[in-house]
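Residue numbers (numbering that gives the first Met the number 0), protein chains in the order written: chain A, 0 to 484; chain B, 0 to 611.
Some clues are possibly wrong.
Unchecked claim - DSBU-like, lysine-lysine: derived pairs with alpha carbons at most 30 Å apart:
no., chain 1, residue 1, chain 2, residue 2
1, B, Lys202, B, Lys344
2, B, Lys375, B, Lys338
3, B, Lys382, B, Lys344
4, B, Lys174, B, Lys35
5, B, Lys202, A, Lys360
6, B, Lys35, A, Lys360
7, B, Lys202, B, Lys226
8, A, Lys360, B, Lys226
9, B, Lys35, B, Lys180
Stated by the list, open to error - Label pairs and their in silico Cβ distance ranges:
no., chain 1, residue 1, chain 2, residue 2, range
10, B, Gly18, A, Leu300, 48 to 56 Å
11, B, Ala104, A, Leu320, 52 to 60 Å
12, A, Ser118, B, Gly12, 29 to 37 Å
13, A, Gly260, B, Tyr172, 48 to 56 Å
14, B, Thr107, A, Ser118, 56 to 64 Å
15, B, Lys4, A, Asn10, 29 to 37 Å
16, A, Leu24, B, Gly12, 23 to 31 Å
17, A, Lys310, B, Pro95, 53 to 61 Å
18, A, His267, B, Pro171, 45 to 53 Å
19, A, Gly260, B, Ala104, 42 to 50 Å
20, B, Gly33, A, Ile204, 40 to 48 Å
21, B, Lys35, A, Leu320, 31 to 39 Å
22, B, Gly18, A, Leu303, 34 to 42 Å
23, A, Val221, B, Glu80, 51 to 59 Å
These are computed hints drawn from the structure, not numbers from a lab. Cβ atoms here follow ideal geometry from the backbone N, Cα and C, with glycine treated the same way.
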Amino acid sequence: MTGRGGILERNFWSTVDWWLVGLYLLLVISGWLNIYASEYDPENARSIFSWSMRSGKQLLWIATSIGLGALILLAIPVRFWEAVAPIAYTVVCVLLVAVIFLGTSTKGSHSWFVLGPVSFQPAELSKLTTSLILARWMGRYNFRLYRRRDFWMTVAFILVPMLIIVAENETGSALVYLSFLFVLYREGLSGWWLFVLFMVIVVFILTLVFSPYAALWTAWLVTVICMAASAGRIRPLLCIGLPIAAVLAVLPYLWGLLPEGNILRAIHPSWLLLGVVGVCAVYYLIRGLREGNMYRLLSVLALLLALGITKAVPIVFNNVLQEHQRTRIEVLLGMKEDLAGAGYNVHQSMIAIGSGGLTGKGYLEGTQSAYGFVPEQSTDFIFCTIGEEWGFVGCLLTLILYGFLIARIVMRSEDAREPFTRIYGYCIAGILFLHVLINVGMTIGLMPVIGIPLPLISYGGSSLWAFTAMIFIFIALCRNEKKYF
Amino acid sequence: MTDSKRHIRMLVGLVIAFGILAGRLFYIQIVDEGYKTDAMNNSMVHIPLYPQRGIIYDRNGNILAGNKTCYDLLCTPAAVEAFDTVGLARVLGMEPDVIKEKMAAWSTRSARRKIGFRTLVMFSKLPAETYLRFEEVAYRFPGFRGQARSQRDYPFNAGGNLLGYVSEVDPPYIKAHPEYKSGDYAGKTGIEATCEEILRGEKGEEIYYRDSRNRIGAHYKDGEADKPAVPGKDITTTIDADLQHYGQNLMKNKVGSLVAIEPATGEILTLVSSPGIDVDYLADIGSHYKEIASNPYKPMFNRAVQASYPPGSVFKLVNCLIGLQEGVLQPWMKYPCTKGYHFGKNTLGCHVHRSPLDMEEAIMMSCNAYFCYVFKNVLENGKESVSEAFTRWDEYVAAFGFGSRLGSDFPSELGGFIPKASYYDRFYGKNAWKAHTIISLSIGQGEIGCTPLHLANFCATIANRGFYYTPHIVKDSENVRIEDKYRERHYTKVDTAHFAQIVPGMYRAVNAPWGAGGTAAIAAVSGLDICGKTGTAQNPHGDDHSVFICFAPKDHPKIAVAAYIENGGFGATWAAPIASLLVERYLCGQTQRPWLEQRILEGNLLDKVPAK
Chain A
0 MTGRGGILER NFWSTVDWWL VGLYLLLVIS GWLNIYASEY DPENARSIFS WSMRSGKQLL
60 WIATSIGLGA LILLAIPVRF WEAVAPIAYT VVCVLLVAVI FLGTSTKGSH SWFVLGPVSF
120 QPAELSKLTT SLILARWMGR YNFRLYRRRD FWMTVAFILV PMLIIVAENE TGSALVYLSF
180 LFVLYREGLS GWWLFVLFMV IVVFILTLVF SPYAALWTAW LVTVICMAAS AGRIRPLLCI
240 GLPIAAVLAV LPYLWGLLPE GNILRAIHPS WLLLGVVGVC AVYYLIRGLR EGNMYRLLSV
300 LALLLALGIT KAVPIVFNNV LQEHQRTRIE VLLGMKEDLA GAGYNVHQSM IAIGSGGLTG
360 KGYLEGTQSA YGFVPEQSTD FIFCTIGEEW GFVGCLLTLI LYGFLIARIV MRSEDAREPF
420 TRIYGYCIAG ILFLHVLINV GMTIGLMPVI GIPLPLISYG GSSLWAFTAM IFIFIALCRN
480 EKKYF
Chain B
0 MTDSKRHIRM LVGLVIAFGI LAGRLFYIQI VDEGYKTDAM NNSMVHIPLY PQRGIIYDRN
60 GNILAGNKTC YDLLCTPAAV EAFDTVGLAR VLGMEPDVIK EKMAAWSTRS ARRKIGFRTL
120 VMFSKLPAET YLRFEEVAYR FPGFRGQARS QRDYPFNAGG NLLGYVSEVD PPYIKAHPEY
180 KSGDYAGKTG IEATCEEILR GEKGEEIYYR DSRNRIGAHY KDGEADKPAV PGKDITTTID
240 ADLQHYGQNL MKNKVGSLVA IEPATGEILT LVSSPGIDVD YLADIGSHYK EIASNPYKPM
300 FNRAVQASYP PGSVFKLVNC LIGLQEGVLQ PWMKYPCTKG YHFGKNTLGC HVHRSPLDME
360 EAIMMSCNAY FCYVFKNVLE NGKESVSEAF TRWDEYVAAF GFGSRLGSDF PSELGGFIPK
420 ASYYDRFYGK NAWKAHTIIS LSIGQGEIGC TPLHLANFCA TIANRGFYYT PHIVKDSENV
480 RIEDKYRERH YTKVDTAHFA QIVPGMYRAV NAPWGAGGTA AIAAVSGLDI CGKTGTAQNP
540 HGDDHSVFIC FAPKDHPKIA VAAYIENGGF GATWAAPIAS LLVERYLCGQ TQRPWLEQRI
600 LEGNLLDKVP AK
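Construct the entire structure; sequences and hints are all you get.
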């Protein structure tokens, strides 16, 4: 036996998770091929190795990434990561702030350091360092998620880099931090939190697309149903709750029918809805206090939250969000058709993917991709090339590769004996998942256009290195686990 | 505290999330075909190849309408960079402001949205010289390119109205004919319109790749998917180009029409509507359209097939034939004429001539009274009511082709007007009218309208001694088979024997010695045996219209002509000379009466015609 983090152990080959390495290599190579295809110009065909092509450069990134992976597996002691986590986290947070002032501005966001030919985005790295610090913090022996200090520190670790990134105008990257909710869920966060988050999004969308009234009505109804279900009080729900809901639903319509000047027009339906919500809140508050029922008290909070959102959303939407973000959301929600402007990217991307059909047009045969209809083709919209040239089969295969990769990481994390490995594994599984979900969702019009790369496939050294490091650190951690058995 | 099932839930969540992505992919890639079409439109540029339009020949193989190449200058506003406006203007021979204005109109915000990456026609029909000058310097003007297309070219100044014009299709036209696209050309009037399907050919296209900046790239599939343009098929018309040209010259500065038919076939030899559209205007109708439309004599109005004129005395022949068929008239019957036909206190006047006359003389001298008697006898025959008799009269008239479209292959043909019994019932009350009430019909006046084509066709019917072929302008050829209806003889309801009885009268009208009283002696050409009938149609718009129909030779006629000269006065003044000169030209090639020809060519009646 050699010591921990030894150079080359006898059982090196058997301790490495070759599944993960294999999936990693498949994705990286498919990325390289597709980057070439995305830039391929039938009239001026250059070699895939050509340095003037992005595929040529990507090959260098891939080579260095594999070197990085080997370095992590072979040269770095596995305990190093746990040890270095606080320093790395702090340094990266400083870099995140520094880049706002020192970085180069591209497309309105200050998130890149440019050092000669190399540009580097601290935000990519911060996902890794945040994962490490969370793994270390939550992996402590006596960590309890619901202990106040533990909980708020956890939230702070996530929020600090997230908010700095928002300040960098990289809202998309910041959104990825939501993926840490998965690890919190795994570590005991109530599923209700996820449900609440889901409802917040629903209320947000309803407010924008329909009206604050509809949003508040929905939130109120969901709360009432949840409360009734948790208390087993179905009959009052059916007899009182639902009829009131129905009346409230048609009220705005009826109100609109009232002639101008009618005395009843003074009573706007939203006041009635507010009244109903208020009555419910007071009722839950009293019963909650009397019975000491935590859920009832939380439901009051939920109603207040919903009310707050419906009031805040229009303000945030119109005053806080920037024009392009507003348009993206409006286009995604179908409030605006803007095929030439904000909707152009998505529309073109869907055309490219849609035109692929079942088996695609064949490698390098794409017409949409090669002729530059889709913007950011080799980076954020690389999935278009896959969709167009490899068709549904290729898309499905890519999703399956990602699915296996993520599932494998989840399973290995679950099996891990060390909390550090487990928590770190869930962190990167969540990050990978959200990246794929948002990126692919964006290209097919299910998500707003958020400029985040498709892990391992999109062109770009920064991102490839970061994901390589994430995955290989996990492989190294898992390798360490093997020793126990 | 951990829940051991949570990772399973999360994996299920993963599968569901990816399942939603896969479902959406399945929908847009396999279910929805729309994206594939969009992709085709997106990444290919289809450059249309416009076919050569079929050539229109006359009956002798002369080209009436051919083709020449001209160029459209296309512009893709999205691809245009800042360019030397003045330079472009100089090359194109235009004012820089014209170009600036166009570019300014295309670069407003809303226009840019609307245009997108599309390519628009900036200037159309540039002559080849101009375009070649542009091509030399085209590299300096990215976003601009030329596109060849063929334009009509007319070697003969013949048949402007007949040929019709070709112009770019407009939105209402595309709506009615969805197979056309903006930028296509279509025949709008005349033969170009009737034979559009034959003449237009098939549009081809070349397909190129293009990128999102609309730059044209490689040839798609190395040109395998290209489609060459199929030129339109040629058409041979029945028109005699020389005769048409001559007819147009004769009709110059007169308003009216001149129609010549080959009686043995129904082929239209000449169809002049004057004033007509000069062929030079046809090729570029767009820039002359205003001028044409504002011409008070309405050159776009094809009088030969659309105008509804009172036929005047020419119509006496119709009543004469009906009378003969009905048995109320015999050629030997004589009727008196004392400067007209008197009924009650009224008189339908006539010119001074000897009296009484028999039928032949009445035709020769065009006696009004004679045909009033005939008409009265037809309607008031003692066997039936006037209304019933009139209905039968109507049937006779209709059998000659009057009162409705003849069914020629000319697109805008109209039917004229022949009254029905019910028309007078409405007007005067049932049974409250009799022959005298509508006596003007006997001499082709009153509530009656015929097109010059009707008259020519009637003349051809007499020439054929009792039948006609539907007049047509497309000649049967290998490319274009004419319909069978143009090969059918249409008999009238009058026995063919009776036609032979009226021909001598027509012959004498032209060929009777001077002083004998023939109304159309001026039309006589020795050796041609022209038979004719004059008409002088009263009308509410100034001087009488001058009308003449004739055919020649008397036996085995080769040509039947109707001339209708608005406000020309007596039939013999203008219509008869014009028609006879046309006949002479057709049968002899030149005239023996240069003095008459000169008088006609120089004659100007425009002042007499009230502008409408």
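Verification of the supplied hints:
Simply put, Lys202 of chain B and Lys344 of chain B have alpha-carbon atoms about 70 Å apart, too far for the 30 Å limit, and the pair is violated. As the CA atoms of Lys375 of chain B and Lys338 of chain B are separated by approximately 18 Å, the hinted pair is consistent with the 30 Å bound. Our distance criterion of 30 Å between C-alpha atoms is met by Lys382 of chain B and Lys344 of chain B, whose separation comes to about 27 Å. Distance restraint check for Lys174 of chain B and Lys35 of chain B: the Cα-Cα separation of roughly 26 Å lies within the 30 Å cut-off, and the hinted pair is therefore satisfied.
Under the criterion of a C-alpha separation no larger than 30 Å, the hint pairing Lys202 of chain B with Lys360 of chain A is consistent with the structure, at around 28 Å. For the given pair, Lys35 of chain B sits about 11 Å from Lys360 of chain A by alpha-carbon distance, which is consistent with the 30 Å threshold. Taking the CA atoms of Lys202 of chain B and Lys226 of chain B, the gap is near 8 Å; set against the 30 Å cutoff, the hint holds. Distance restraint check for Lys360 of chain A and Lys226 of chain B: the Cα-Cα separation of roughly 23 Å lies within the 30 Å cut-off, and the hinted pair is therefore satisfied.
A distance of roughly 21 Å separates the Cα atoms of Lys35 of chain B and Lys180 of chain B; the hinted pair therefore holds under the 30 Å criterion. Distance hint for Gly18 of chain B and Leu300 of chain A: a CB-CB separation of about 33 Å, inconsistent with the stated range 48 to 56 Å. Between Ala104 of chain B and Leu320 of chain A the beta carbon distance is about 35 Å. The supplied range of 52 to 60 Å is therefore violated. For Ser118 of chain A paired with Gly12 of chain B, a C-beta distance near 35 Å keeps the hint of 29 to 37 Å intact.
A C-beta distance of roughly 52 Å is found between Gly260 of chain A and Tyr172 of chain B, which places it inside the suggested range of 48 to 56 Å. Separation of Thr107 of chain B from Ser118 of chain A is about 39 Å and departs from the stated range, judged on CB atoms against 56 to 64 Å. A beta carbon spacing of about 33 Å between Lys4 of chain B and Asn10 of chain A agrees with the range 29 to 37 Å that was offered as a hint. One distance hint, 23 to 31 Å for the beta-carbon pair Leu24 of chain A and Gly12 of chain B, holds here, with the actual separation near 27 Å.
For the hinted restraint 53 to 61 Å between Lys310 of chain A and Pro95 of chain B, the CB-CB distance of approximately 58 Å keeps it satisfied. A C-beta distance of roughly 49 Å is found between His267 of chain A and Pro171 of chain B, which places it inside the suggested range of 45 to 53 Å. Checking the proposed 42 to 50 Å range against Gly260 of chain A and Ala104 of chain B shows it holds: the Cβ atoms sit about 48 Å from each other. Separation of Gly33 of chain B from Ile204 of chain A is about 25 Å and departs from the stated range, judged on CB atoms against 40 to 48 Å.
A hinted range of 31 to 39 Å holds for the C-beta pair Lys35 of chain B and Leu320 of chain A, which are about 35 Å apart. For the hinted restraint 34 to 42 Å between Gly18 of chain B and Leu303 of chain A, the CB-CB distance of approximately 35 Å keeps it satisfied. Between Val221 of chain A and Glu80 of chain B, the C-beta spacing of about 56 Å keeps the proposed range 51 to 59 Å intact.
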